[in-house]
Amino acid sequence: MRWVPESPEVAEVAPPDVAGLSIEPLVRAAEAGTPPSTDAVDGFLHGRAVPVVDGSQVTFVFRGEADDVRLRHWVYGLQTATSLHRLEGTDLWYDVLELPEGSRVEYKFEVVRGGDVQWVNDPLNPHRARDPFGANSVCHGAGYAVPEWTRPDPESPSGSLEDRLFRSRALGGSRRVTIYRPARFRETRRYPLLLVHDGGDYLAYAGLQTVLDNLIHRLEIPGMIAALMHPPDRMEQYRGSEAHSRYLVEELLPDLEAALPVQGTRAGRCLMGASLGAVASLSTAVRYPDVFGSLLLQSGSFAFSDIGGHGRGPVFDPIADFVNAYRRAPKRVADKVFVSCGMYESLIYENRSLVPVLERTGMEVRFEEARDGHNWENWRDRLRLGLSWLMPGPLWLVYD
Amino acid sequence: MTTVLLGPVRRAGALVGEVRRLREAGVVDGSARIATITAGWQEWEDQPRPEVAELDRLGQRVVDLGLYHRAERVWAADPELAAAHHEHQMRLRLLRRSYNLRLEQTADAWLGLERLDDAGGVIAGELASACEAVQALDRHHLGRIAALRAEFEERWRPVERLAAAGERAEIERALDGVGLVLVAGGHVPLLLNRLRLFDLAPLLAERSVVAWAGGAMALAERVVLFHDSPPWGPGHAEVGEAGLGRVRGVVVLPDGGRRLRLRDPARVARLARRFAPDACLVLDPGARVEWRDAASTGVAEGVQRLGAEGSVAAAEAVAPPGAAAAGGAPAGGVPATGGPAGGAP
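Going down the list, the protein sequences come from chains A and B.
Under this note's numbering, residues 291 to 690 are what the first sequence spells out, in order.
Under this note's numbering, residues 128 to 472 are what the second sequence spells out, in order.
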């Protein structure tokens, strides 16, 4: 099996959607022994956004000669690979899935030709989501739209980014951190500080700079400084590592607060991360419960076991040790915690289970679920609710 | 003294045009200086925005009173007052949080009643009572703010303390010969805080004032904070605090076209009823209302008024209710009178 990079020629302009046209007539014709002509297939695809979304029915289509074509999606709860049906007598492959309203699904096609297996993005669908492993095609279910506040807004002035190296005795060597300063930055002002695990990925795949620029400009969050961490070894450091927590709180945070005009108070510090980054955030706050006023935990890999194993392999053992211990003796580690997770992630159970544990400690907790998977655009789409609740901006106070 | 309230000023030349208009009307002496108050811009007060910077084209000297930075100097010179002021702000913040907790419950109850099927008219009385409950909470909140503020001012008498008094004297000198003051928007509570710290109300009362957006809100009797579509929550409007009360009988809603759901008659009606008998005025960019003096009717252009039945209609004349008619809704303990008030509250 090999991964075939997508062609740069893939159109980025979505074709106009043609609603209400089902593939059923073609299927019925084929079943009746009169395979649709090439012109009929062309006509079906012409001007149509694919996958074809008709309410909760989503038709995935692939065109081309192959021995088999499978839909590979990242929806926990459905079969990970389903074979598309070949429309008899044509080179058109299709399958229909039921996707609830508001769904957003990332997928690829697995194309089998003469024993060769290739994973390819959907050549007919211009929507792509990038991540550290490449890109996926994206199906926007009925009712889902990319939030407009995630797109560059010419009215929103841009903040600035600056890379800095910080020495660490706890981890050895130095670590790169990108500093985000808001537009109209003033050295005389005291800003809240947002510390972001996997900050480079948040920038590259979740549009974090654009999101911060827009939300600050719209007064939904205050102007803030963000420290975006670039872990060279996240699989080690982000699994609840004591050394990472020590680096973050005892080394990086004092260095940042000495170098930047931040508030330097518990209320003025927010720690966030996704997946293992959420584990790193919570475990650091547990070790240093008086340091952070708020936590933003997205799709945390919070493996635990009530009895027996956690079923996620030995890599998760240290995480399960940490989460099990916290579930046994939960404590208040911040004032407010925002937790989000996709319903189509395998981690939804762990995240739902964490919420009442956090609430029992007296912390204010908000939990947001989305019909999405374990991916950066899911995390992007939840940033407005999370950040504006944890650190509300002066929306109600400023009238320009 | 003339008072002009404007919506947000975004169009180049809008302020220049406004001042020229007042000059032509004989309200402003073309040879006199103009003062600006831009404290609502906070740290960015010393970076004049284009719409203000272009006032230089008028050929009149324009002086900014620099209230934000004056306050910073006061805090630096008088740490005891700075600490007391900080504590006072923390108390106000807690009070606002408490008000919001109660407001959410009270206003939600009103909303819930509206959703009931009331074919027989049984609920009408409950709706009126629910509205009164919100109004009572608003009055209570304004009263508590006023009490906290009075306590702070009684104890610390900020404007009499050395550093603040020095700045106040400089402001008086800066205003000498100034016939027109322009008040910009921005952070409204902060703007009001600075106006009060330096006791600007009596100085403004002797001069014509043009105020826009948040600046216009600060001149009203009560400042109503509003946003119908915030990221979180139902977006119940809040009574922020008492304004300077230069303009009475109106609730100023700048940029309401963007911040309010004006096509939702139920929301519009709730807002209008809650703040009745004050007139809820939407001041979008380009909107303008002018009172030539305390007794005259306001002349409005591009202003929309919210109706108690959910309507949004153009307002041409703004005739605030008289003291007797106002009856029900004294704002922050300040009795309503007709038209803009001639003096400071």
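I should point out that these hints are in silico values taken from the structure, not numbers from a laboratory.
Be aware that a few hints might be false.
[Claimed, not checked] If you want the footprint, here are the derived chain B segments under chain A, 3+ residues with CB under 8 angstroms: (1) 281-288; (2) 304-316; (3) 338-345.
[To be verified] List time: in silico SDA-like cross-link candidates among lysine to any residue, alpha-carbon distance up to 20 angstroms: (4) A:Lys626 with A:Val645; (5) A:Lys626 with A:Arg650; (6) A:Lys626 with B:Arg300; (7) A:Lys621 with A:Gly599; (8) A:Lys621 with A:Leu675; (9) A:Lys621 with A:Arg674; (10) A:Lys626 with A:Pro604; (11) A:Lys626 with B:Pro357; (12) A:Lys626 with A:Leu675; (13) A:Lys626 with A:Ser595; (14) A:Lys621 with A:Arg656; (15) A:Lys626 with B:Arg224; (16) A:Lys626 with B:Arg284; (17) A:Lys621 with A:Gly603; (18) A:Lys626 with B:Gly360; (19) A:Lys621 with A:Glu659; (20) A:Lys626 with B:Arg415.
By construction, the Cβ of each residue, glycine as well, lies at the ideal position given by its N, Cα and C atoms.
Non-conforming hints, listed in increasing numerical order: 1, 6, 7, 8, 9, 10, 13, 16, 17, 19 and 20
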